[in-house]
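Peer 1: Using the hints, position chain R against chain Z.
Chains as they are written, first to last, in the numbering used here: chain Z, 1 to 190; chain R, 1 to 190.
It is worth saying that the hints were derived from the structure and are not from the lab.
A couple of the hints might just be wrong.
Said to hold, decoys possible - In silico SDA-like cross-links for lysine to any residue, where the CA-CA straight-line distance does not exceed 25 Å: (1) LYS2(R) - ALA150(R); (2) LYS2(Z) - ARG184(Z); (3) LYS2(Z) - ASP129(Z); (4) LYS2(R) - LEU91(Z); (5) LYS2(Z) - ASP14(Z); (6) LYS2(R) - GLY92(Z); (7) LYS2(R) - LEU142(Z); (8) LYS2(Z) - GLY92(R); (9) LYS2(Z) - ALA44(Z); (10) LYS2(Z) - LEU91(R); (11) LYS2(R) - ALA54(R); (12) LYS2(Z) - GLU24(Z); (13) LYS2(R) - ASP63(R); (14) LYS2(R) - GLU61(R); (15) LYS2(Z) - ALA180(Z).
2 protein chains.
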Amino acid sequence: MKLYLAGPEVFLADAREIGRRKAELCAGYGFTGLFPLDTEWHGAAPTSRAIFAANLALIREADAVLANLTPFRSISADPGTAFEVGYGFALGKIVAAYCAAPGELKHRAVAAIGATGAPATDAGIPLADGLHVEDFGLFDNLMLAEALIASGLQVVQAQQEVDDPFRDLTLFEAALAALARGRRETITGR
Amino acid sequence: MKLYLAGPEVFLADAREIGRRKAELCAGYGFTGLFPLDTEWHGAAPTSRAIFAANLALIREADAVLANLTPFRSISADPGTAFEVGYGFALGKIVAAYCAAPGELKHRAVAAIGATGAPATDAGIPLADGLHVEDFGLFDNLMLAEALIASGLQVVQAQQEVDDPFRDLTLFEAALAALARGRRETITGR
Chain Z
1 MKLYLAGPEV FLADAREIGR RKAELCAGYG FTGLFPLDTE WHGAAPTSRA IFAANLALIR
61 EADAVLANLT PFRSISADPG TAFEVGYGFA LGKIVAAYCA APGELKHRAV AAIGATGAPA
121 TDAGIPLADG LHVEDFGLFD NLMLAEALIA SGLQVVQAQQ EVDDPFRDLT LFEAALAALA
181 RGRRETITGR
Chain R
1 MKLYLAGPEV FLADAREIGR RKAELCAGYG FTGLFPLDTE WHGAAPTSRA IFAANLALIR
61 EADAVLANLT PFRSISADPG TAFEVGYGFA LGKIVAAYCA APGELKHRAV AAIGATGAPA
121 TDAGIPLADG LHVEDFGLFD NLMLAEALIA SGLQVVQAQQ EVDDPFRDLT LFEAALAALA
181 RGRRETITGR
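Same shape as in the complex, but just chain Z (with noise of 0.2 Å):
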């Protein structure tokens, strides 16, 4: 099984290291990992098109798309990331993905952003930038949660903040775990 290893750890310095660990880490579970930064680029550095169909072509090569959700310079997923969920979600790739901050996304928005103290609604909490935050008990939006369990699998979360979450495979392997664990039950009708 192909796995797309989605998450803005493309953006550190040693991302190409830790995609390389990432797909260690998934061999030991008889996974293929597929990282954004392994197409081959000759030459010149790639067009910020080069990189997006170059995405786009191992997210279809994927059966699934594993991805980190970890909060990103906010207190939610990395829209880019999230772009990739729902693109393979449309093909039919299973979703997985791990959280490296606890909790939930309305206990995030209230500590960043502040409730007004007005009583929750059907929309939800209301902050105090003028919108509400669902309250679905979800770890972030709505949309990413519900395709994971979709996918029939749960976010991989922390119980505690992790020190260096783009950096830590813990959770990613813990990931990687899962997905083996409910891959063998399915095999095994279970």
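Peer 2: Frame of chain Z; chain R shown alone:
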């Protein structure tokens, strides 16, 4: 042509009113607007699973996704909206978008996070959070920006900050006009 109207304005208290105004503007250009909150829920408030399924059904019904990619509680677009853009793009929908924040992602990133002062590399501009920001001259993450370009469109972007970016529909209407123009040009073969 049916347009799925994606964006974080669903989190406004008056989201339904914004949806109604957006649909009216769509009709003025000969389009049918499909707004996430249009789905009728009889009885109890919908679950996150029901909202997820309803939104995906509306995207599948649409010919295009017209997304509000204005930065949402961050320097970048809402990840729920980004998921929907990726989902629609994978299904061959046209992706159109507008952004009420001026300038490039890298300028917002440097202003919000700070540059390290180290020189830019192929990985982008090194920021104070230990990660880079891509430097492709784009308004947001390349996956979002290139999905638009692949649809033959450019983002409709504000020239300066917009006061009430999730209620002001000036850019939304400009995006409708661009879509209508693009459609005419396709039909007449220009």
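Peer 1: All hints, please: hold or fail.
Peer 2: Do the hints match the structure? See the list:
no., hint, verdict
1, LYS2(R) - ALA150(R), "19 Å, holds"
2, LYS2(Z) - ARG184(Z), "15 Å, holds"
3, LYS2(Z) - ASP129(Z), "41 Å, violated"
4, LYS2(R) - LEU91(Z), "21 Å, holds"
5, LYS2(Z) - ASP14(Z), "23 Å, holds"
6, LYS2(R) - GLY92(Z), "23 Å, holds"
7, LYS2(R) - LEU142(Z), "24 Å, holds"
8, LYS2(Z) - GLY92(R), "23 Å, holds"
9, LYS2(Z) - ALA44(Z), "28 Å, violated"
10, LYS2(Z) - LEU91(R), "21 Å, holds"
11, LYS2(R) - ALA54(R), "16 Å, holds"
12, LYS2(Z) - GLU24(Z), "13 Å, holds"
13, LYS2(R) - ASP63(R), "5 Å, holds"
14, LYS2(R) - GLU61(R), "8 Å, holds"
15, LYS2(Z) - ALA180(Z), "12 Å, holds"
Of the hints listed earlier, those the structure fails to meet are numbers 3 and 9, in rising order.
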